[in-house]
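Engineer: Sequence:
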Amino acid sequence: MQGWYDHSADQATCNWLLGLWEAADSSRLEGIHVDDTDLYLAERGIVDTPEPGVPAVLRCRDAMEAGREQMTERGYSTSTAIAIASTLHGYTAHLRAGYGTYIGDPATGEAIYTPPQGRDVIAEHLALWERFMNERARRDPLFVMALGHYQFEAIHPFDDGNGRTGRILNNLYLSMMGAHHLPILPMSWQLATHQAEYYRRLRHVTENGDWSGWVTYMTTMTGYAAMKTTGILREFARERASTTTFLQEQHPRWPVDDIVNLIMSTLLLRPDDFVDAGLASPSTARRWVKQLQEHKILRRRTVGKTTYFAVYPLMRNIWRHRFYC
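Numbering (the working numbering), first residue to last: 1 to 325.
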């Protein structure tokens, strides 16, 4: 996976895409369901009013960046967790101060587990968690990530957003320990797809001390995420190569490299994008888009009164890797 990423000409697009996916899937675990296309439309500014749930997912994506920035200043710490949770909420997050919080069965409401209560007690537990995660003994980072994720969930330091904060911290930890060097590894797709198993495994640690089952589950899901990401990176490379070769053969006078760079940098575009990039006049841009449609590289789409064009082969193939591979 790392080799494909390091040699990819589309790192920026992959980072953007994987970040959105991870945010969407992590949010889905918390009952926030958003269609991928709605996310892309909002990101590209194609729609004025985003669909419900989209702002929360975009804040989750922004929280990943906030966590990375805080890591450079404060390391893997409670401060980093607070910065992530604050970005998720859109306001400054504080450790839980009240009492009466419990983790319940989603079906019956029965209390399963009562996390630490009171801000001072929570801060003490987080200090222990922080020390454990930053120990430099020779340990498998996947093993430590799995243990730390459960510990953070068990401490449940915030009134809301603990799961999403913890899953962002997973990525930051693996990156910090050199397990991967991608800005984001989209681990939450596997967890959200097997949501009942994810929460069952967490519960079995709490009720039965089944650490072995939990660690095996989390490391397996992380491996699946790495394989899926490798497939997506390969798809970007394949689509770039095939599209470039095809356009060079069909349109030798076009600035093919610049056109391919533009269409690979976004999944959705409009003729004005070619103009804004300084590649063409409005009339030439419209002609290019028409011919790219004829070649089935772009497909026309409409939302409200706005028309945009989807980079069809790339979207079709990366969605196949996202949802089915």
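For the record, the hints were derived by calculation from the structure and aren't laboratory data. Just so it is clear, CB atoms sit at the ideal spot from N, CA and C, and this is done for glycine as well. Warning: the hint list may mix true and false statements.
Claimed, not checked - If you anchor each label on the Cβ, the simulated ranges turn out as follows:
| id | residue 1 | residue 2 | range |
| --- | --- | --- | --- |
| 1 | Thr49 | Glu69 | 26 to 32 Å |
| 2 | Gly109 | His295 | 22 to 28 Å |
| 3 | Glu73 | Arg119 | 19 to 25 Å |
| 4 | Arg200 | Phe143 | 17 to 23 Å |
| 5 | Asn134 | Gln291 | 53 to 59 Å |
| 6 | Arg316 | Pro50 | 19 to 25 Å |
Engineer: When you take the CB atoms of Arg316 and Pro50, is the distance between them in 19 to 25 Å?
Structural biologist: holds (24 Å)
Engineer: Check the following: the C-beta atoms of Glu73 and Arg119 are separated by a distance inside 19 to 25 Å.
Structural biologist: Because 23 Å falls inside the window, the suggested range holds.
Engineer: Against the range 53 to 59 Å, how does the distance between the Cβ atoms of Asn134 and Gln291 compare: consistent or not?
Structural biologist: holds (56 Å)
Engineer: Measuring from beta carbon to beta carbon, are Arg200 and Phe143 in 17 to 23 Å?
Structural biologist: With a Cβ separation near 20 Å, Arg200 and Phe143 satisfy 17 to 23 Å, so the hint holds.
Engineer: Against the range 22 to 28 Å, how does the distance between the Cβ atoms of Gly109 and His295 compare: consistent or not?
Structural biologist: The hinted range 22 to 28 Å is violated for Gly109 and His295, with Cβ atoms some 56 Å apart.
Engineer: Starting from the hint 26 to 32 Å, judge whether the C-beta atoms of Thr49 and Glu69 obey it.
Structural biologist: holds (29 Å)
Violated hint for the displayed structure: number 2, the only one.
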